[in-house]
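Participant: Single-letter residue listing:
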Amino acid sequence: MAKLVLAAATPHNPLLWRAMRDPMPDDLAGVAGNFARIRDAIRDLGVDVLVVVGTDHIRQFFFDHAPAFVVGKAAHYHGTYENEVRTFGMEYVELTGHPDLAERIAGRELLPEAIDFAVSHEWRLDHGFVIPLQYLRPELDLPIVPIHTNATLPPLPSPRRFAVLGEHLRETIAGWESDARVALITSGHMATDVGGPRQFAGSPDPAFDAEAVAWMRDGDLEGAIAGCRFDRVMAAGNVTYQYVNVITALAAMGGRPADLAEATESRFASSPFFMWRDPA
Amino acid sequence: MSKYMIDKFMRAVEMSDADVARYVADPAAFVDAWLAGAGGPHRPTDDRSLTEAERAAFATIDHEALYALGAHPYLLWHFIEAAHTHEFGDGFGWRDLVERYRADVAPHGHVDYIP
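Listed in order, the protein sequences are those of chains F and S. Residue numbering for the first sequence is 1 to 280, as defined by our numbering. Residue numbering for the second sequence is 1001 to 1115, as defined by our numbering.
If you're looking for bench data, these hints aren't it; they were derived computationally from the structure. Heads up, some of the hints might be wrong.
Examples of chain F residues lying across from chain S (beta carbon under 8 Å, computed) [stated by the list, open to error]:
(1) 66
(2) 86
(3) 87
(4) 88
(5) 194
(6) 199
(7) 200
(8) 202
Glycine included, every Cβ here is placed at the ideal spot set by N, Cα and C.
Construct the complete structure from the given sequences, taking the supplied hints into account.
Facilitator: What follows is the structure, encoded as structure tokens:
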């Protein structure tokens, strides 16, 4: 059977792409170091497939079609868009998919009991997916199953449904007749405001950031679900809801305390870094 | 419906380098041309409309007005960033735009941007 050997959560701040270069600025050494820790773990654990849970930034999925959860079933993906190349200096990338695992996750005929998926066979992944992959697996050689979670366009799925997603991923991977070693990567951030009155002025809500670290450090799944109610999260910043993706990782690892749980300080708002290694 | 059209316009422009260049060169003409490209009966899913206030805000690249009208903040910031990047130089740069934008939208607080 396949094995979920690692879950992790990282930031996807595209401003890092220009700033985090050698010689490494002092304030970004912590961010670079934590990306490296997770990158090394993926390598050391012999990961074969990456399931990447992230949120499209109103690019592929706009207000005309805004599903709650989308599983990518494509064999290949193009990465990033013209505007992200222009604004962030990113590079176009090509990624390989894993349609077999994607189909197991999404279901072939009936949806899972507790969560509804849409599927996509044609998906250009934005920085929410590309940035973590470029830092965690620069070779971009591992097949991926991208899963979009709508954390941007209300009405949003509730935090408990993100936990259900994590439990579903754990069960699906455990039941997959394969010897593949799978890692789950979730992409998000701590309290963040973009386009509002608190953007680019440090964390808009350090108290939320501290709580958000504690839930993962302590393995407090119910605390995370209760603490991530819509009004509280949005009060922490208008795009903070992408933090809720971390709940998927916590649930997938059975709600146990993370081995790494940190809000890493830098010139940017605090960056989330969480990691759970399989204890076996 | 109107907020949806604001967001639709911003996304359409910001996703394309060529359209950003055309918009910046003559905002009012670009807005009117965009509106004229509406779907009609043979293209049932490409409706385009803006109120006069929305049209005026886009025609003058008025981020404060667009914010107050309910533009989605994430889309708005990236749209405004795209529309002003050509002005960056020794005397005005990204950080200056951040500060100006933030000061202009702050008096409006948290607006309802849900279409």
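Participant: So, against the hints stated earlier in the document, which numbers end up violated here?
Facilitator: 1, 4, 8
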